[in-house]
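Protein sequence lines, in the order shown, are assigned to chains H and S. Numbers in our numbering are just positions in the first sequence, counted from 1, shifted up by 191. Numbers in our numbering are just positions in the second sequence, counted from 1, shifted up by 62.
Simulated from the structure, these hints should not be mistaken for lab results. Please note: incorrect hints may appear among the correct ones.
Under the rule of at most 25 Å between Cα atoms (straight-line distance), these lysine to any residue pairs were calculated in the SDA-like manner [to be verified]:
| # | chain 1 | residue 1 | chain 2 | residue 2 |
| --- | --- | --- | --- | --- |
| 1 | H | Lys392 | H | Tyr447 |
| 2 | H | Lys392 | S | Gly235 |
| 3 | H | Lys392 | S | Arg249 |
| 4 | H | Lys392 | S | Ala285 |
| 5 | H | Lys345 | H | Ser371 |
| 6 | H | Lys392 | S | Ile218 |
| 7 | H | Lys392 | S | Cys177 |
| 8 | H | Lys392 | S | Leu181 |
| 9 | H | Lys392 | S | Ala271 |
| 10 | H | Lys392 | H | Met431 |
| 11 | H | Lys439 | H | Gly422 |
| 12 | H | Lys392 | S | Ala246 |
| 13 | H | Lys392 | S | Ile87 |
| 14 | H | Lys392 | S | Asp244 |
| 15 | H | Lys345 | H | Leu446 |
| 16 | H | Lys392 | S | Ile238 |
| 17 | H | Lys392 | H | Pro350 |
| 18 | H | Lys345 | H | Ala312 |
| 19 | H | Lys392 | S | Ser119 |
| 20 | H | Lys392 | S | Ser243 |
| 21 | H | Lys392 | S | Gln247 |
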Amino acid sequence: MIALLCGAALAGTVTDARGTSVTITAPARIVSLGGGVTEIVYALGSGDAVVGADTTSRYPAEVAPMATLGYHRNIGAEGVLSLSPDLVIATTDAGPPATLSQIEAAGVPLVVLDTAPGVEALTSRISTLSTLLDAPEAGAELLAGLTASLSAVKTDAPPRVMFIYARGGGTLNVSGTGTSAAEMISLAGAINAVDAYEGYKPLTAEGALLAAPDVLLLTEGGLEALGGREGLLSQPGISMTPAGQQEKIVTMEDLYLLGFGPRTGEAARELSESIRQ
Amino acid sequence: MSIQPRERRRILLAVLAVAVVVCSIAGLAIGAVNTTPSVVLAVMASWLGEPLPEEISPQVAAVLTIIRAPRVLLGLLIGAGLSVSGALMQGLFRNPLADPGLIGVSSGAALAAACVIVLGGSGLSPLALPLAAFCGGALVTLLVMRLARRGGRISIETMLLAGIAVNAIAGAGTGILVTLSDDAQLRSLTFWTLGSLGGATWPILIGVAPLILVPLLLSPWLAGSLNALLLGEEEAHHLGVNVERLKLGVVLMAALIVGASVAFSGVIGFVGLVVPHLIRLMAGPDHRIVLPGSALLGAALLVGADLVSRTVIAPAELPIGVVTTLLGGPFFLGLLARKRWM
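If we strip away everything but chain H, and leave its shape as in the complex, we get (with noise of 0.2 Å):
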């Protein structure tokens, strides 16, 4: 029996990306800033005990009505604390940083994960998550899952692929190097038609012709911002690639696509799939 609560309570023991060792046992109310981690503490099955997430947090459908803490960057420390959580998972994305300072200095255990795009970083999450919500088997099966997943990527004729991300207001950047959308192209087995920058940069029409991308990969509010496949087509310099000669446009939903939450190694598969038709 006490060898039982013993090993209860080294279960919730973590060292989270700060560095900083981390213990609960059994929370009850959970905050959880950052779209992808709160899909993680959902699908470990703790998805009862969250009591507050930031607007990012969009799936699964149940958590909307918790997500009012506003952008997790700019998020209030007396929000938080008003909902008086007993643990708070954030990610290296979350702040601003006095926010998680305060929270901290009131005494609520603060748990912050690399946020990095990439399955390694992912699978970090999943299984800091998994120990310190006391869910094993649970994160055992979704790190299982994750690897069957991604064993089942198509990798033949990878074709290369641009993703556009749209945020209305004729704003087009496209994604280099170092991005969630380069990283998951590569998982999907393709190559990433832009590579010549990191990070995002606006779409030029010269950029897309040097590009040559076979696909044109956006999230499904992008296209829908952009007035649908049309407008997209329409757009200088995109009618005259390879991928807008044959409209092979493919969306994805954004948190799905872009997220790394326990949905990538799926998102990874069927965009593998999608590109290739």
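Starting from the structure of chain H, add chain S where the hints point.
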């Protein structure tokens, strides 16, 4: 029955002082975390050494002690500071539309803040941004002042024009950084330019306080000289005012106050421009009343605006720059319509 002007001013200052106290207490007592007046009183007593009653959770006490108290104090300081620097600038430029942004403090600070947000890595100290913003504001102000200086004299007209040009250049620099930024950095930058007192902590407060308090407490000594300046530079000179020293003093004080405010709270618009106007509408253009009146009204207004920003969409927060403008703008327009004053 008529009230003597001097009497009227005293009443106005007393009313404003009461407003400051009321807003501060409200700011301390109200927020996303529910706190009854008895809890607030008990926690305040605990600051004076009384033991904290057991029925009060340490988390609630922490909210009052480490979040709300420094936040209210920072709001008082910055509100008073921005308003007084607005009054000083308007007095110096003899123009009711002058605000501290004119000498480049805000745009310089914004450029430096954008540099840190976009070019700085994630491993930077949290103090990097405020330090950079303060230095950026100070450097741009010194540049504007240097450009306006000819043969030991600062020309107000040149300073105005140089300020406009340097502001535009700094804005273009920020534009370059916006182009380079990714989505997340852009959002951080946008939130920064809308202002927030959410970063207030005791160490920050202690660091900022002297930078704002010293010029604030010195400002009443300039009131007489600024009154003389209202007549014109020549006239002020003949009245025995050292005009060049006055210009230098006003610009340095405003730069110090605004630089420190912007560095820790981002850009909070409107307060510096409008608060001195409101005081002038109520009590006339005498700087002996405009300066202290602006300090009190600005302090009360900003703490009140912060209270709105914290509670209106709780548990999230509305940027305080949005609140000050949304509340102050229509109010100011209403006054204008009633008084037809310019």
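Straight-line alpha-carbon gap Lys392 of chain H to Ala271 of chain S, limit 25 Å: 41 Å, violated
Distance restraint between Lys392 of chain H and Gln247 of chain S, which requires alpha-carbon spacing of 25 Å or less: Within the cut-off at roughly 13 Å; holds.
Restraint status (C-alpha distance of Lys392 of chain H to Ser243 of chain S at most 25 Å): Satisfied, since the Cα-Cα distance of roughly 8 Å is no more than 25 Å.
Given hint Ile218 of chain S paired with Lys392 of chain H - CA-CA distance at most 25 Å: Cα-Cα ~42 Å, so violated.
25 Å Cα cutoff - pair Lys392 of chain H, Ser119 of chain S: Given that 25 Å is the threshold and the Cα spacing comes to 49 Å, the pair is violated.
Restraint check for Lys392 of chain H with Met431 of chain H, where alpha carbons must lie at most 25 Å apart: 20 Å, holds
25 Å limit on alpha-carbon distance, applied to hinted pair Lys345 of chain H and Ala312 of chain H: Satisfied, since the Cα-Cα distance of roughly 22 Å is no more than 25 Å.
Lys392 of chain H paired with Cys177 of chain S [C-alpha distance capped at 25 Å]: 17 Å, holds
Hinted pair Lys392 of chain H and Gly235 of chain S, Cα distance within 25 Å: The given pair, whose Cα atoms are some 17 Å apart, holds under the 25 Å limit.
Hint consistency between Lys345 of chain H and Leu446 of chain H [alpha-carbon to alpha-carbon, up to 25 Å]: Measuring from Cα to Cα gives roughly 22 Å; hence the hint holds.
25 Å limit on alpha-carbon distance, applied to hinted pair Lys345 of chain H and Ser371 of chain H: With Cα atoms ~19 Å apart, Lys345 of chain H and Ser371 of chain H stay inside 25 Å; holds.
Pairwise hint evaluation, Leu181 of chain S against Lys392 of chain H, where the allowed Cα distance is 25 Å at most: 15 Å, holds
Violated hints, listed in ascending order, are 4, 6, 9, 13, 19; each of the other numbered hints is respected by the structure.
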